[in-house]
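Assemble the whole structure, with the sequences as input and the hints as a guide.
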Amino acid sequence: MTSERILQLIILLVFAFSVNLPLGYLRETSQKFSLRWFLLIHVSIPFIIALRVIQGFDWHFLPLTLGCAVAGQVLGGKLRRRKTP
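The numbers in the sequence shown follow my numbering, run straight up by one, and end at 85.
What the hints contain is simulated information worked out from the structure, not anything from laboratory work.
Ideal Cβ placement from N, Cα and C applies to all residues, glycine included.
Heads up, a few of these hints could be off.
Each pair of labels, with its calculated beta carbon distance range [what the hints assert, rightly or not]:
{"id": "1", "residue 1": "Ala-71", "residue 2": "Thr-29", "range": "16 to 24 Å"}
{"id": "2", "residue 1": "Lys-83", "residue 2": "Met-1", "range": "34 to 42 Å"}
{"id": "3", "residue 1": "Arg-81", "residue 2": "His-60", "range": "29 to 37 Å"}
{"id": "4", "residue 1": "Phe-38", "residue 2": "Arg-81", "range": "15 to 23 Å"}
{"id": "5", "residue 1": "Gln-31", "residue 2": "Arg-82", "range": "16 to 24 Å"}
{"id": "6", "residue 1": "Arg-80", "residue 2": "His-60", "range": "28 to 36 Å"}
{"id": "7", "residue 1": "Glu-4", "residue 2": "Ser-30", "range": "35 to 43 Å"}
{"id": "8", "residue 1": "Trp-59", "residue 2": "Ser-18", "range": "17 to 25 Å"}
Quick look at the structure:
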């Protein structure tokens, strides 16, 4: 993998994480299993997939992008819980 390709992968992973950070923060204020809760979890997925396809990464990189998206959701939720007493 060339250094340019590694940079593209890093951009993709940072995008997946950073987009889900505020979504996880907002998700924490939603009632569990509500429509809003469901949308806040899943709204970023088409954009992450589109960026992955545009950059030419195949499905083998799906676990990495999914892991970063989940990490962003979890950290965003923890930040929200930490803020509220």
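For the range 29 to 37 Å, tell me whether the beta carbons of Arg-81 and His-60 fit it or not. 34 Å, holds
Cβ distance range 17 to 25 Å for Trp-59 and Ser-18, holds or violated: Taking Cβ atoms as reference, Trp-59 and Ser-18 lie about 22 Å apart, which means the hint holds.
Has the hinted range 28 to 36 Å been met by the Cβ atoms of Arg-80 and His-60? 33 Å, holds
Mind checking the hinted window 16 to 24 Å against the Cβ distance between Ala-71 and Thr-29? For Ala-71 and Thr-29 the Cβ distance comes to about 20 Å; the hint holds.
Taking the Cβ atom of Glu-4 and the Cβ atom of Ser-30, is their distance within the range 35 to 43 Å? 39 Å, holds
Return holds or violated for the Cβ distance of Phe-38 and Arg-81 against the range 15 to 23 Å. Between Phe-38 and Arg-81, where Cβ atoms are some 20 Å apart, the hint holds.
Taking the CB of Lys-83 and the CB of Met-1, does the distance hold inside 34 to 42 Å? The hinted range 34 to 42 Å holds for Lys-83 and Met-1, with Cβ atoms some 39 Å apart.
Return holds or violated for the Cβ distance of Gln-31 and Arg-82 against the range 16 to 24 Å. 20 Å, holds
Comparing the model with each earlier hint shows no violations; every hint is respected.
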